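Residue numbers (our numbering), protein chains in the order written: chain H, 2 to 1094; chain E, 2 to 220.
Careful: at least some of the hints might be erroneous.
Unchecked claim - With a Cα cut of at most 20 Å, we get these calculated SDA-like pairs of lysine to any residue:
id : chain 1 : residue 1 : chain 2 : residue 2
1  : H       : Lys235    : H       : Asn931
2  : H       : Lys747    : H       : Ala674
3  : E       : Lys145    : H       : Leu602
4  : E       : Lys145    : H       : Leu560
5  : E       : Lys145    : H       : His603
6  : E       : Lys145    : H       : Lys245
7  : E       : Lys145    : H       : Gln531
8  : H       : Lys601    : E       : Ser144
9  : H       : Lys601    : E       : Tyr102
10 : H       : Lys245    : H       : Leu93
11 : E       : Lys145    : H       : Ala561
12 : E       : Lys145    : H       : Ala674
13 : E       : Lys145    : H       : Gly600
14 : E       : Lys145    : H       : Leu554
15 : H       : Lys601    : E       : Pro134
16 : E       : Lys145    : H       : Lys747
17 : H       : Lys601    : E       : Phe143
18 : H       : Lys601    : E       : Lys145
19 : E       : Lys145    : H       : Trp604
Hints in this document: simulated from the structure, not taken from any laboratory.
Only a predicted model underlies this, so the values are computations on that prediction, with no experimental measurement involved.
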Amino acid sequence: MQRWPVVLFLAWVCFLFFAGIGLFMSGFLLTRIELASSSSCSDPLVPPPWERQSLPPGSCWAPQRFSKAVLVIIDALHFEFARFDPAKASPLPYENKLGVLHQLATSQPRHARLYRFRADPPTATMQRIKGLTTGSLPTFIDVGSNFASYAIQEDNLLAQLVQNGRRVVFMGDDTWEGLFPKKFFRSYFFPSFNVKDLHTVDDGILQHLYPTVDSGEWDVLIAHFLGVDHCGHKHGPDHPEMAKKLTQMNEMLRSLVDHLGNDTLLLVAGDHGMTETGDHGGDSEKEVNAALFVYSRAPLFGSGPPEEPETIPQVNLVPTVALLLGVPIPYSNIGEVMAELFAGDGDAVSAALQQLSVYHINAKQVDRFLQSYSLVAQDLPAEQLQHLQELFSSAVEEHTQLLTQVQGTTVPPELEPRLGSLISRFQHYLREARAVCTQSWARFHPLRMVGGCILIASSCLLCYMASELATSSQSFCRSCLLYPLFWGPVGAALLWLVHVFTQEGLDLLLVSSWAAAASQLGFFWHWWGQHLKRARLTGSQPPLASGGLRQRLRAWLGLAFPMGILFFRCGAMFSDSFVVAEARVAPFLLASLVMLLVGKLHWDGRLTVPEAVPAGLAGDVASREAPLGWSEIWYLLCLVAMFLVCVRLSSFFHQCREEIPQCRPSVFLSPLASLKNTRAKNLFYLLCVALLAGLVYAVQSWLRHYGNLNSSGPLVLFVRWGFPLVVLCIACYWAVASSADDSLGKLQELVQVAVVVFPRAVYGLASVGLLLLLCNPMTVFAKDTRESAGSIVTPYLGVPGSEVDFLHVIPQIYKRMQESQKSRLERGSCRATVAAYGLGSVYSAALVIALTLLGFLLMLLHSERLSFAFLLLFLEAFVLLHIHTCARGLAGDAELFSVPWYAVISWLLAASQFFYSTGHQPIFPAIHWNAAFVGFHLDHSTNLLPAVLVGANTFASHILFAVGCPLLLLWPFVCEMSSSQRKKPKKESREELQEVEEHMMEMRLRESPEQFSTALLRLGLKYLFVLGAQLLACVCAAMILRRHLMVWKVFAPKFLFESLGFVVSSICLLLGISLVMRVDCAVSTWFSQLRLR
Amino acid sequence: MREAEIGRLLAANLLCALSIVLAAVIPAAFLDGFSVLGTHLTWLCVCSVCVATLNIILHLVLKPNQSPKRRSFAHKISRFLKCCIYFFMSCILFHAIIVLYGAPLIESVTETFLFAVLLSTFTTLQCLCLLGPNVQAWIRVFSKNGAMSIWESSLQITSMCSILGAWFGAFPIPLDWDRPWQVWPISCSLGATFGYMAGLIIAPLWIHWNWKQLTYKSR
Ligand SMILES: [Zn+2]
Ligand SMILES: [Zn+2]
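Model the full assembly from the supplied sequences, consistent with the hints where possible.
Structure follows, in structure tokens:
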């Protein structure tokens, strides 16, 4: 098989998986349908005529109570921040800082009140702003678009305000700009995304706030402060900086209150809370527990505050503010009005009547929304809607009845209790409606989900079959690659024809999954045809077939142990506890796999030394294939021990999930800048830099050992001088980034520049390196001692100067060349030669260089001390490769060109293990957003770059292991030399020539290019199969357990991370394999040039 | 001859299983508040000691490895000391492996070590009884065609079953059921014990059924 069909085939398989993922995702992560309708003043759901006449001018639906409102949003204002407990002797940095709220609430209990403000998950700022303005529940999928704010299409509070002629002035977080383009009368936006910047937004607002308030040119003023949230992200809540920030907020509120007039309502709200580490995004108690404070100079409440602050959902803010300001409630609101704000200052009965009328309006609006929603979408269960309908109509009926008996504002005393009960009925209805919506808004599309699942499952099957089937024959290439590729477009075209005739909706996803399914069917069809043909050919020999069966059974049993581990891994995806504990499960399974490998080798008698066996057994042992000496076995055991130690050590870098409360996140995760102890900081810094230097040294000496560092090509020069330069840049960046902010004084501006320049230098250098690698991946140094073009190429001559070089820089020569160019006779007579240093490891060298460069880039994106984890990653991968090589040698595997399953599975297990060991967890709050600012200080103009940076940070281990995957195939060839050297003393009698032939190393692959391509294909397919099996398990778990309590907390994020990881891994796998092929091309050209000379 | 030997093996194994059951029940009569879950460490000690003594007694009584040679007293003493050292070393090794598999490094060292002792009792001690302090022989027994008597086959099966049981015992630990037996190392030691007992029962049956395939080479 040639090179390009391999890449094409793998790309096609990737496409199949992608189509499956896309189809499933579109069915699983559906967003709630947004209704385009919006409320207006003249809607027929307005109150009865007698009340309407009493509406003051400028009011819609209900009489306006305030002409102006100030909404101060303090991002991430946790309830505990706002609560004030005078009895507390030694408050934490975040406690008792907002004294003004407490002071107002106690001195004017009828003017001010503090609430617990429950945010609905997901608690990302954008979702919360959406929720706070539409009165609805943003769905899970929106989390992903946190980078990009999209304008809110739904009816919302701001749209209503603008529609009714209110002037809305905004200042603060520029997320609002994207959400509400051109809605504001005047606006002052400040960049929000740089979480390290605590002051820009707040200082900007403070500069404009009081002049704007005093100017009076506004009806609604919104100020969104970000300092508290950013302080949480940067330092965590428990930090002196947080105290400073909250004190600043306190001062701001104190003077703001002084600037307010009597007709102004002040609302201070947090959009969400924060966890102990200052993050948010999930639905833990700490994240959803925000604060709301209401104040006005005119009395608001009929009675004093309750003992313990009341808890209200965030959606309740929308109808309340809308009706208080006299604008219609947004169309899709499902919140409930906060009735106590409508009590007015009259007596209890008139207050109750007031409340009843707003409840009535609110209920009518919710009912209207539910009805029009149920016309568009079927996801709200019919019987529950029915039940809600009944609740609503009975309440309304009662209401009308009651109103007929009420004259003006006087109520017959016997009706007073009925007022109360009616209010609670409306309340009941509204709460039920909200509960129904909350419950079923995660709406699924079962058909698409099942379709996606089947597509992924059959892709897995295809991978497995193709990896078993792939032979070098051309017929495979044609029947299993070209035909399916042809069938795909045909299927898509058919679908398009159907679309033309039926005029039904068609999206790209559907077309691509249809094409994927068609091409898969094509594959299986051709495979079946071939299978039948082969069966007919072999059918004439039944005894052979039965022998084949037994052999196959044995092969299946041999597969059982790696596949069993894979099965456990996949099974673990179905339990939320195991997904939560996956950081410990993956290393456990990995260690078990390696131990099982050793156990199995021993069980098969591969680890027994012949001398150790009693005399009676000697004959039996001798018949087995050459068991090796003790040194070999000890070597393997030492490798395994080292591997286990690596696996265990990697658990010191774990991030925590909120599900495990006793867990403490690793200290290595925090950046050096957060260390207070200067000595420890310096020590860690030096260690990290030493470690980087060590990595460079290790890579260089590995390359030198195999002779890949001798040439003077640009790539080798880059490895020699560029690598240390990269390390220098990274070290400088770390030094600048970890220095204390205020210690530098005047150098501040220089630091600002340096923080940007150094990472960019690293990016530049690394891309130069990767480009060089692509242009000229040969790291071979050829020493041509031939006298003329016609002279002979002989395999071996000791050219190098020193003894060490003599041992390690073995000249490699392509055997086929020898045979084609000269006869054996001639070779004997002439000693001229081409000595090619490093030809034997030319493929691996390219991969190692690429991996090192990628490793530098990824380390740069992580916090400084995680470079320890990366070192461990490289070490573990190295040891794993050696174990694999060693085990193969001991097992006496004849099939050099096929990578066994256990190797692939352990490689992937290590990849998922290091996903956790580089401080990640498959949950949104654990994403390292800071990675988006490495080298980019200001706001990004596009979202692509930060997405790439954060993605690279998150899937660092996936990237490294996928790119390094071809090493599994190459390593046994590379290590061939060392193992044969160890055997050297035993066979001194052998001829030098034969010795050299044993040193073919990776040139064995060149010997049979067909097999080489096939081997790469099979390796890629096996890798994709194992990845796909894990993905399939996640997908099935998400589908089957979609009503599970933990689905949005555990399974859905896990599915998202796993599928993104799959996409990243498969693309990197393709890149890795393409790199090997690129090197192969280069080697071919090199040989042909050599021949020409 | 073979039937009789299998019978003896069965009887010995049943005795072992019985001793484990008794080790869980009897101490409750003497010790206040003894239970397998509640006072797990005590149970671990009791169980290890019971199984160990019974194994040694059975070994002395049944003499499965008929060594005809009579050895001097000094030799016996050195052999015994060697056995003790080997046992201790195996405990340390098991401890290390358990820690490498993810057990806490510093907290609950006692629990981990006692669990390692239990595992050693189930595996190493039997090897010591049957094969003596001869590592080469141990290595030989645990390979495909290594067993040379039904006792050694039984040893193979019980050791593997107890290790496998301990491995499976780790599975329930992360589950959020909040059961008392999910605490480290209770589920693992219970798993090892059940695995060992299963091995004790499976071994004679398996040997009985695979009568034909088992051809032991004489020494
Ligand atoms: Zn926020
Ligand atoms: Zn935030």
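Exercise. Where does the structure disagree with the numbered hints, that is, which hint numbers, in rising order?
Worked result: 6, 7, 12, 15, 16
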